[in-house]
Amino acid sequence: MLKSLAYNKSIGFGIIAVIFLSVLALVLPTYWTQLLTRVLIMALFATSLNIQVGYAGMLPLGHSMFLGFGAYSFGLLFTKGDLLLTSAFIMALFLSIVASAIIGYLCLRGNSMTFALLHLGFNILLYTLVNKWISFTGGDAGIMGIPRPSLFSSSSGFYFFVLAVILICYILIRIIMNSPFAKVAKGLRENEERLCFLGINTVKFQLVLFMISGLFSAVAGILLAMLDKGVFPAYISLTRSAEGLMMCLIGGMSSFFGPTLGATIVVIIGIVTSNYINQWQGLLGIIIVACVIGFRGGILGRRKGKLKVAQEGANK
Amino acid sequence: MEPLGIIFQLLIGISSGMVIFLMAAGMSLVISGMNIINFGQGAFFILAAFLCFSIGQTLNFWWALLLAPLVVAILGGVVELLLRPLYGKSILYQLLLTMGVAFVIVDGIQTMWGKEIKIISVPSFLSSTVSFLGSDFPTYYLFIIIISGIVALGLWLMFEKTKLGMLFRAIISNRDMVGNLGINVALLFTVMFMFGVWLSGIAGVLMAPIIGIDAQMAMQVLFTLMTVLVIGGLKSMRGAFFAALIVGIANALGSMLLPWFYALIPSVLMIIVLLIKPAGLFGKPEE
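Chains as they are written, first to last, in the numbering used here: chain B, 1 to 316; chain Z, 1 to 287.
Read the hints as simulated data drawn from the structure, not as lab findings.
A portion of the hints provided could be inaccurate.
With a straight-line Cα cutoff of 25 Å, these simulated DSS-like cross-link-like pairs (lysine-lysine) come out [unchecked claim]:
1) LYS183(B) - LYS89(Z)
2) LYS132(B) - LYS118(Z)
3) LYS132(B) - LYS115(Z)
4) LYS204(B) - LYS183(B)
5) LYS9(B) - LYS186(B)
6) LYS80(B) - LYS132(B)
7) LYS186(B) - LYS204(B)
8) LYS89(Z) - LYS186(B)
9) LYS132(B) - LYS204(B)
10) LYS229(B) - LYS80(B)
11) LYS204(B) - LYS277(Z)
12) LYS132(B) - LYS9(B)
Bound conformation, chain B alone (with noise of 0.2 Å):
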């Protein structure tokens, strides 16, 4: 009963945004629906950083990467493969998914130090390639002419878009996340080895996790490309990563809204400084910084009061 309630609440807050959204983009100014149409990719992007975060208590530190492979495969495929729009959208997906399969059968295989060590490890030898593979991948200056889908290729028809296809994104990750499976998630973020002693195979739900992870980045990744019309090294940079763990610490891990808030936040604190200073990288260093030592619940995880990330590090 309680449950249901909780469940409609958000429901009904889920309509209410997508309501508010909507007539926001109506309203708005082309650059500030470009805007808002970016907070929404970044919103997704941290959010799906967030079920490994959050919900898992892991430590991917080079997130970025998925965004940058799921936007460059889609990039790629369309420019050279010559594919349509929806064939190269949907292999890309698939391209992610196997990729995100490798790479985190390849980071478990350690412990959570060693997670941490070769997440970054991996994106950094994926942006490496990225720049140094001109041939293939254009190098520093990306690669262009990237379409949006026809029907949507106006500001305000392509922000419709992002938003629905984000709203499919959040429904999926929200039902995931309710789901018995996610119940395990849970367990894993308080007391791995409980879960062990239960004779639960710990390492393949993080497996799957990651893999979900890794998708629906990539799927922030293809509409990011597309909002830039062209896929750019930065996608997949450590700046990026950082900027997704920024965007679910200062939102709130805890919740399922908070990185959201966070990703509206760091985005526009990104866009509005870019104005005056050059400086995002040390910027957003700072700010890093300043919430790891001040601010630590986030502003929705806080109201809550019951974040607890992953405490292993703390209890060995």
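Chain B is fixed; fit chain Z onto it per the hints.
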């Protein structure tokens, strides 16, 4: 392929392997003692290289070798003070903090020194060549091997013979017990962290004259360190030594034999090790 070229590349490989080992040793010490991965290590490396650039212009290379690592180590001490409230909290926060610090350092370097690549000339008395087996080798590579060999030896002696080394070993094997003995663990942590950063500072200064320094290199350095640590086993100093030499030599030989592929050699090695022995070549598997 003429054997002379191979010997030459081997020399380069050993020298870069030794330098990588210094950094990996510092990182591995911090990981096993404090359970923290210092993602700032690459940034501190490159900061020391830039300090070497500036100090080398006003004073000389020897002062740079002395001062730059010290300055970097003091900064490392400040970072450790920032880390203090986070002990006992989730490991995620500690990793994020060191990552944030790395961003600030890299961006700070780009703001202060500019984005273009800086070249540091090899100090004049080391720029000569040594003839060996009928051909000439740059002295500087030998100098790197000797200096980092001395530092590595000092590291080993410190661990085995001195009180500080004993305390480090004690912290690694049982942290609570050291605290119960009335030893100031918090201070020891600061010293340990500063020591790790100091080592990467030395590495930065040593490498500075033979690479073009660029703030963005912090990332590649960090990546090399990670592969070395994963290959050798996260908490094993001995593993770090062999893995660093393997990676250094593989890189140097690879750049000659397989130029299109050599950037990927360390990662391929790492993946193979992970598949065969997930805990690393010298790491003990977790129970």
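Hint by hint, where does the structure go against what was stated? Just the numbers, ascending. 9 and 12
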